[in-house]
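Now for the letters of each chain:
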Amino acid sequence: MSLVTAHLRRAGVIFRNEVLVLPSRIAVLVFILGLLLLPVFTQDSYILRILILTSIFALLAASWDFLSGFTGQMNFGHALFFGVAAYSTALLNLHLGIPPWGSIPLGALGGVLAGLVVGIPCLRLRGAYLALTTLSFPIILMGVVFAIPDISGGELGISGLARLSESRVGDYYISVLLMLVLSFAMWKVTDSKTGIILHAIREDELACRAAGINTTRYKLMAFCVSGFLAGISGGAYAHVMRLAGPSTLEVAMSFQVIIWAVFGGMVSIYGPVAGVFILFPLMELLRFIPQARMLVFALLVLVTLLYMPEGLIPWIRDKIETVCPRCKARNVASRSNCRVCNAVLD
Amino acid sequence: MTAPFLDINGLTKDFGGLRAINHVTFAMGRQEMVGLIGPNGAGKTTLVRLICGILKPDKGKVSFKGRNITGLKTWDVVNRGIAATFQNMRPFRRLPIIANVMVSCLSPRAMKRGEWVKRVEAKAMDALEFAGISDMALEKASTLSQGDLKRLEVARAVATEPELLILDEPFGGLSPAETDLMAKSIQRLHKGGRFGRLHSEGPAMIIIEHKLQQLMKIVDRIIVLNFGTVIADGTPEEVVKNPEVIEAYLGEGGA
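Going down the list, the sequences are from chains A and B.
Residue 1 is where the first sequence starts when you use my numbering, and the numbers rise one by one after that.
Residue 1 is where the second sequence starts when you use my numbering, and the numbers rise one by one after that.
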């Protein structure tokens with residue numbers, strides 16, 4: 001019993017000293033608690049459905065950030081991973097009768113395979129060439145989808161999949177937990193020693209190789225991890241919509257992911273997640289004024305990129321927090337001394 | 001007969017119609033410290049890039065510790081024990097300085113060596129201490145001056161614990177006092193031993209440098225390149241008296 005008390009006390013100390021000291025961490029906590037507690041207050045089917053799709057796309061945007069933001073492999077065809085997994089999941093569920101808990105991870109392996117198929121020829125490419133090559137893959141696959149309507153369902157796609165769970169609230173919790181857990185896992189990887197290598201590859205691949213790092217292996221790993229996570233979101237999407245159609249492979253889908261991530265703030269994982277949670281529900285709200293919908297969207301993104309080139313979330317974070325010039329720890333902007341080393345803050 | 005430590009045999013590299021390296025052949029021993037000099041455009045950096053696998057030679061062979069390493073990937077060459085610095089520094093600008101060095105400490109070669117495997121940060125810190133920039137460890141690399149970037153390059157190369165270290169203009173951009181300090185560090189490194197958690201094998205060295213006075217104080221052999229060809233190879237005293245070298249540096253009639 002005393003052991004439990006000791007652990008609880010330790011968790012309390014960490015919570016007080018590490019979480020409650022920074023507004024950004026408090027905001028993340030409130031966001032997570034808000035998401036988890038929402039069904040207690042409302043079980044409105046429409047709101048839950050919007051948040052289910054938001055969570056799925058947030059995971060997709062975070063997986064793009066892992067590959068393109070952190071590793072610098074500019075992927076303009078991220079819909080490929082999403083679409084391949086959605087179709088694989090649909091086929092596994094419909095033809096082999098595999099339930100969602102099996103078909104989603106197996107379908108995500110299709111995303112990994114797609115990651116390898118794109119990753120290997122793209123190893124030698126950089127910048128605009130890489131972006132254009134990756135852009136072409138989902139377009140090619142879309143052609144294949146239309147060429148084999150007997151298997152892919154053609155323009156109508158594959159419909160009639162099993163539901164993700166028995167209820168809308170169940171769907172909601174599965175999607176939100178998948179997004180939270182996998183985004184946290186991605187953030188942990190990018191914050192680890194592997195993350196440093198991914199950063200280094202983005203900054204200067206040749207210098208990274210000259211430091212003895214097999215960059216090929218890490219780049220392929222990034223393609224596969226990103227493919228897997230985008231695949232999980234693709235599979236979940238297919239089961240939520242009960243449909244896997246060619247819209248999952250569209251160029252617009254690939255660009256949408258990039259816009260969400262750039263708007264929220266690249267190279268952070270939480271930035272793209274926040275980007276989706278702001279833009280996707282906003283677009284739904286604007287559905288009521290269809291004339292102004294795209295105009296507002298374009299203006300919002302344009303203004304953000306003009307005045308916040310690093311994205312919305314890092315901009316807000318820099319406004320409410322300062323970095324200690326000595327120990328580089330983050331502090332609330334209102335503090336005059338660093339909470340860690342007591343140095344005077346600017 | 002044992003194979004030489006580093007054996008370069010008939011190395012040739014063309015860039016279009018220009019022959020940058022022309023049948024370069026030399027060998028060096030495990031304990032040697034060799035200076036590589038030559039006028040601008042002589043092919044020094046190209047030669048280093050050929051040894052490290054950044055460029056592939058058109059002809060010729062590079063052997064390291066008796067094994068042919070011609071055409072191997074750069075990371076493979078580094079993990080076999082050859083590390084090089086870049087003449088035009090290539091730091092990971094947006095990463096903190098310590099993270100720059102941690103990348104080298106995370107290479108398979110560095111991870112396999114010593115008992116400090118789990119202390120990557122501490123080892124990187126010792127490499128920075130060795131290079132003399134540990135007080136700036138948490139700053140972004142983009143904030144460093146030219147001289148400090150040079151030190152960072154050295155720290156990154158040293159952190160892979162190489163057996164052959166190739167330094168491309170280590171004194172470039174340094175003041176006379178800093179140059180002396182760097183020269184002493186290089187000599188200390190060449191002797192081998194421990195620098196905190198960092199272990200030095202006492203690497204053999206190839207040093208490319210234009211500051212000949214400082215270079216001659218620390219190396220025991222100098223190879224001179226001109227138009228991609230070795231024109232002299234000997235002790236510093238022999239090389240400075242070589243008429244071909246004087247002509248290459250000062251032009252015809254300069255002797």
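These are computed hints drawn from the structure, not numbers from a lab.
This structure is a prediction, so every number in the text was calculated from the model and none was measured.
Don't take each hint at face value.
Said to hold, decoys possible - If you want a taste of the chain B side facing chain A, the calculated C-beta under 10 Å gives, among others:
{"#": "1", "residue": "V34"}
{"#": "2", "residue": "C52"}
{"#": "3", "residue": "L95"}
{"#": "4", "residue": "G196"}
Ideal placement from N, C-alpha and C gives every residue a C-beta, glycine not left out.
Okay, the hints, checked on the actual structure:
A hinted interface residue such as B:V34 counts as satisfied when its beta carbon comes closer than 10 Å to some beta carbon of chain A; here the least separation is about 20 Å, so the hint is violated. The interface hint given for B:C52 is met, as the beta carbon of that residue sits about 7 Å from the closest beta carbon of chain A, less than 10 Å. A least Cβ separation of about 6 Å between B:L95 and chain A falls short of the 10 Å threshold, and the interface hint therefore holds. Contact between B:G196 and chain A, as hinted, is not supported at the beta carbon level, the nearest pair being about 19 Å apart and thus beyond 10 Å.
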